[in-house]
Amino acid sequence: MKRIFILALALCLISTGSVFAAGKTVRIGLMGPMTGPWASEGQEMKQVLDLLAEDINKAGGINGMQVEVIAEDDAGDPRTAALASQRLSTRDVVAVVGTYGSSVTEATQTIYDESEIIQVANGSTAVRLSEKGLNFFFRTCPRDDEQGRVAAQTIKKLAYKNVAILHDNTTYAKGLANEAKALLVKEKDIKIVFFDALTPGERDYNTLLTKLKGSKPDVVFFTGYYPEAGLLLRQKRELGFTAPFIGGDATNHPDLVKIAGVEAAKDFYFLSAPLPKDLPSAEATSFVKGFEAKYGNSPNSIYAVLAGDGFRVVVEAIKNAKSVKSNDIAKYLHTKLTDFPGLTGTISFNEKGDRVGDVYRVYRVDAAGNFILQP
Amino acid sequence: MEQFFQQLTNGLAVGGIYALIALGYTMVYGVMKLINFAHGDLFTLGSYLGLSLLTSLALTENIGAFMGVIALAILVMALVGIVGVVLERAAYRPLRESPRLSAVVSALGASIVLSNGIMLIYGAKYLFYPQNILPSMTIPIFGLPVPLMRIIILVTSLVMMAALYLFIQKTTIGTAIRAAAIDQGAARLMGINVDMVIMMVFMIGPALGGAAGLMVGLYYGNINFTMGWVYGLKAFTAAILGGIGNIPGAMVGGILLGVIESLGAAYISLAWKDAIAFFVLILILIVRPTGLLGERVAEKV
Numbered sequence: 043m044k045r046i047f048i049l050a051l052a053l054c055l056i057s058t059g060s061v062f063a064a065g066k067t068v069r070i071g072l073m074g075p076m077t078g079p080w081a082s083e084g085q086e087m088k089q090v091l092d093l094l095a096e097d098i099n100k101a102g103g104i105n106g107m108q109v110e111v112i113a114e115d116d117a118g119d120p121r122t123a124a125l126a127s128q129r130l131s132t133r134d135v136v137a138v139v140g141t142y143g144s145s146v147t148e149a150t151q152t153i154y155d156e157s158e159i160i161q162v163a164n165g166s167t168a169v170r171l172s173e174k175g176l177n178f179f180f181r182t183c184p185r186d187d188e189q190g191r192v193a194a195q196t197i198k199k200l201a202y203k204n205v206a207i208l209h210d211n212t213t214y215a216k217g218l219a220n221e222a223k224a225l226l227v228k229e230k231d232i233k234i235v236f237f238d239a240l241t242p243g244e245r246d247y248n249t250l251l252t253k254l255k256g257s258k259p260d261v262v263f264f265t266g267y268y269p270e271a272g273l274l275l276r277q278k279r280e281l282g283f284t285a286p287f288i289g290g291d292a293t294n295h296p297d298l299v300k301i302a303g304v305e306a307a308k309d310f311y312f313l314s315a316p317l318p319k320d321l322p323s324a325e326a327t328s329f330v331k332g333f334e335a336k337y338g339n340s341p342n343s344i345y346a347v348l349a350g351d352g353f354r355v356v357v358e359a360i361k362n363a364k365s366v367k368s369n370d371i372a373k374y375l376h377t378k379l380t381d382f383p384g385l386t387g388t389i390s391f392n393e394k395g396d397r398v399g400d401v402y403r404v405y406r407v408d409a410a411g412n413f414i415l416q417p
Numbered sequence: 043m044e045q046f047f048q049q050l051t052n053g054l055a056v057g058g059i060y061a062l063i064a065l066g067y068t069m070v071y072g073v074m075k076l077i078n079f080a081h082g083d084l085f086t087l088g089s090y091l092g093l094s095l096l097t098s099l100a101l102t103e104n105i106g107a108f109m110g111v112i113a114l115a116i117l118v119m120a121l122v123g124i125v126g127v128v129l130e131r132a133a134y135r136p137l138r139e140s141p142r143l144s145a146v147v148s149a150l151g152a153s154i155v156l157s158n159g160i161m162l163i164y165g166a167k168y169l170f171y172p173q174n175i176l177p178s179m180t181i182p183i184f185g186l187p188v189p190l191m192r193i194i195i196l197v198t199s200l201v202m203m204a205a206l207y208l209f210i211q212k213t214t215i216g217t218a219i220r221a222a223a224i225d226q227g228a229a230r231l232m233g234i235n236v237d238m239v240i241m242m243v244f245m246i247g248p249a250l251g252g253a254a255g256l257m258v259g260l261y262y263g264n265i266n267f268t269m270g271w272v273y274g275l276k277a278f279t280a281a282i283l284g285g286i287g288n289i290p291g292a293m294v295g296g297i298l299l300g301v302i303e304s305l306g307a308a309y310i311s312l313a314w315k316d317a318i319a320f321f322v323l324i325l326i327l328i329v330r331p332t333g334l335l336g337e338r339v340a341e342k343v
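Sequence order for the protein chains is L and X. Numbered by the numbering used here, the letters in the first sequence go through residues 43 to 417 in order. Numbered by the numbering used here, the letters in the second sequence go through residues 43 to 343 in order.
Next up, chain X with everything else stripped away, as it sits in the complex:
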């Protein structure tokens, strides 16, 4: 039983990160019907920028560990958000009127440019976050020692997701984003600046991905330029699992994928971990082709 709870916390910690990255996929897909394959690399970029800022500004030494990390997170999110906007301008806006396939190819190209750009700037070697920025202590939950960092990761992910959900549901800009997701043409007729909405989406999604990158760097301690691929793939799966285009779906999908992976590996087979996760994905898609929380959208003719 203890092992079961241990595995559950393992799954939740990984799932929280998947969910945070999945939000970026799902937001872009919701508004533009485009899979932003470069999203995994924006995640990587977040962890590299985090390391650069951490070592150059020495924030954690000047204003304390926790405040320093929060300031760092805000900086990283802002920077990655700007890169996201630039990416949209350079790689997607010129193709907005083209067939959807062209934009997907452009996304794959952007992914390669970003990951190899990171390699050229930072080098191919593993880079390392300084150790023990945040205290590596454990907190007993139901008699189980859970590392503080894992709790912070999960809580931070949940808080950010909740904030995003409220932003989308309660604010005017959020309403505009939802309107553009339903019908861009009609939204434009209602006086919504769709270009601005798309820019917002490309700022928020990558910013969340960047925050996830920073958390991965801080917790696991090492980063390299290819790590976005695995996380991107898993998060993409999570977004589909929950219903792509749907924000609560991405959160549910991410956390569920993490837990399925963890329990599947623990009780069925370790080597088949990914196969089990994808098998569950297929099962869910057979029963609910739109994903867990996805709505059935009529095909536009």
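Here chain L stands alone, though its shape is the one from the complex:
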């Protein structure tokens, strides 16, 4: 008897679920690190999506349908992410935005692909994610081979000879380090004097810095994330180690300066998609204004803004393809969406689902801790 009751209850739930989807709501999932070491990224991703969805719903929704954002926590951890993606794929979402780390995204790609759900990653830049021929995978961030190219070009332009490369063994950081290394070894007058990985999540990197200092580099290219970058800068200053540091796009976060301290962060270079403040487009300006009005501060993380772009391209595709079917949306994104005015610049996707175009910029931290766009 009890079993029949549970079965009936389950059926009821399933049917109400599908009625919802067919009715007036479009559900878009958000998978992000709401807890765990990158929780600040994930929580801001949610803030951005909530704000955008609110605006769309106020303006009448997508073709008359209201948008509902369903957030799941991946904790910045591949195993948790696999569970989160399974939960999302049972909840009638049309598309999922996220997530931040490449190794985390990788754990969920096939799950979404098998459930025929569009996935738009916002911070996962590892090259191989889009080399698998997955029809429903897109990303609004650029790839590491592009970033590696810009890094090598920047190092060459600044005329450094002895280069140290440091990563943290994550899919993203290691990939980027390898891309940059492959390009730099081709240069005749550049020598790679150091190539190794640190352990993320620790507080003390003096051992590493002492060793790094011993290899006498002119410049250090660090491909890991901002908490470690901040600590490295802080401790290298204390150690009297003066070689400049260049960071990958995961070091782009205002907390970098707070962790390092203003003096230590000065003259740190990093590569990144342009910050919202450096975008003259009307979309970006009004978005930042709206964000400040709702949350009292401007968006900190470029990845949260890139998640916003992921959300906006999905909305655009649903609106113009007049369909919530994954195949129609994917087709629209692959072929019809060209030069969509995103928050981080114009967006088009190639056949692999990668964002097309020149996205990376070089930033430098000035004496007051501001991120200054380099010409």
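In short, the hints are calculated from the structure, not lab data. Built from N, CA and C at the ideal position, the CB exists for glycine as well. The reader is advised that the hints may include incorrect statements.
Simulated pairs of lysine to aspartate or glutamate, EDC-like, Cα-Cα distance not exceeding 20 Å [to be verified]: (1) Lys258(L) / Asp309(L); (2) Lys167(X) / Asp297(L); (3) Lys258(L) / Glu44(X); (4) Lys216(L) / Asp316(X); (5) Lys167(X) / Glu334(L); (6) Lys167(X) / Asp119(L); (7) Lys255(L) / Glu44(X); (8) Lys66(L) / Glu358(L).
Distance windows between CB atoms, simulated [unchecked claim]: (9) Ala205(X) / Arg191(L): 52 to 62 Å; (10) Gly282(L) / Val272(X): 21 to 31 Å; (11) Thr152(L) / Val201(X): 52 to 62 Å; (12) Ile414(L) / Gly151(X): 43 to 53 Å; (13) Thr332(X) / Arg121(L): 27 to 37 Å.
Starting from the known structure of chain L, arrange chain X on it as the hints suggest.
Same frame as chain L, now just chain X:
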């Protein structure tokens, strides 16, 4: 050679903190045969409470930098000690008679509750200690510039460990703690209030962990709610390395682990730093299964 000494000081500074946290694991294990997995999060709590008190009471501005930090340390240790006692009441005492596994699961649960509680109260973002509370100067030792803060950390750790050792060896309460560690039933028959002993243990261990948290916050400048995990794991390893349940063992294990990590990373491989440290741990456990200073205790039947 200069690099070797530099790496040695690096290892000693990190090891001092490991040792201080390891004491909390080893004391609880010694008396209750329980791994307190929430200990790493009590360490985190110490650094958060330290920041709150530092900014709200402005101690360092009112009574000078050094006195302010000492007063702060005492406050933080007292508060974290109280949390430790409450934790024991809530999570471990109801399970005292249950199988040991239940208490371990409860400890893991307490760890999750604490770290997520900290996240809910303080937020997931990194928080920052104000800069330059203590002068960031270096002192030359054998011609090597060593930051003052590192010396303070190591000396403070050593002083606290020595004080604890004397407390356990020389005072009546210390004797009671040692008695309860050997045999709780017999200790009770001798008129020792075992509940009180356990309460003491859960006050002293977390208080030391909290002090370590405060030192990490003051020196490294930034804290977040997950940092207890890495430190907890390392300190737990250090406690086993030195012989869990043994107080000098935790000190030796902590400092040794810091130095092994540092020298292994410097001269073998950076990326394999943790692997090297754990490899050494396995080697030591093969030769001495009870850890470096652990005593061979007959299995109670």
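For each hint, the structure was consulted:
1. Lys258(L) / Asp309(L): Answer holds: Lys258(L) to Asp309(L) is near 19 Å, not above 20 Å.
2. Lys167(X) / Asp297(L): Holds, at about 9 Å.
3. Lys258(L) / Glu44(X): It holds: about 15 Å lies between the C-alpha atoms, which stays within 20 Å.
4. Lys216(L) / Asp316(X): holds, 18 Å
5. Lys167(X) / Glu334(L): holds, 18 Å
6. Lys167(X) / Asp119(L): holds, 17 Å
7. Lys255(L) / Glu44(X): Status holds; Cα separation ~12 Å.
8. Lys66(L) / Glu358(L): Measuring from Cα to Cα gives roughly 17 Å; hence the hint holds.
9. Ala205(X) / Arg191(L): 52 to 62 Å: holds, 58 Å
10. Gly282(L) / Val272(X): 21 to 31 Å: 27 Å Cβ-Cβ, so the 21 to 31 Å window holds.
11. Thr152(L) / Val201(X): 52 to 62 Å: 55 Å Cβ-Cβ, so the 52 to 62 Å window holds.
12. Ile414(L) / Gly151(X): 43 to 53 Å: With Cβ atoms ~47 Å apart, the hint holds.
13. Thr332(X) / Arg121(L): 27 to 37 Å: This hint holds: roughly 34 Å between Cβ atoms.
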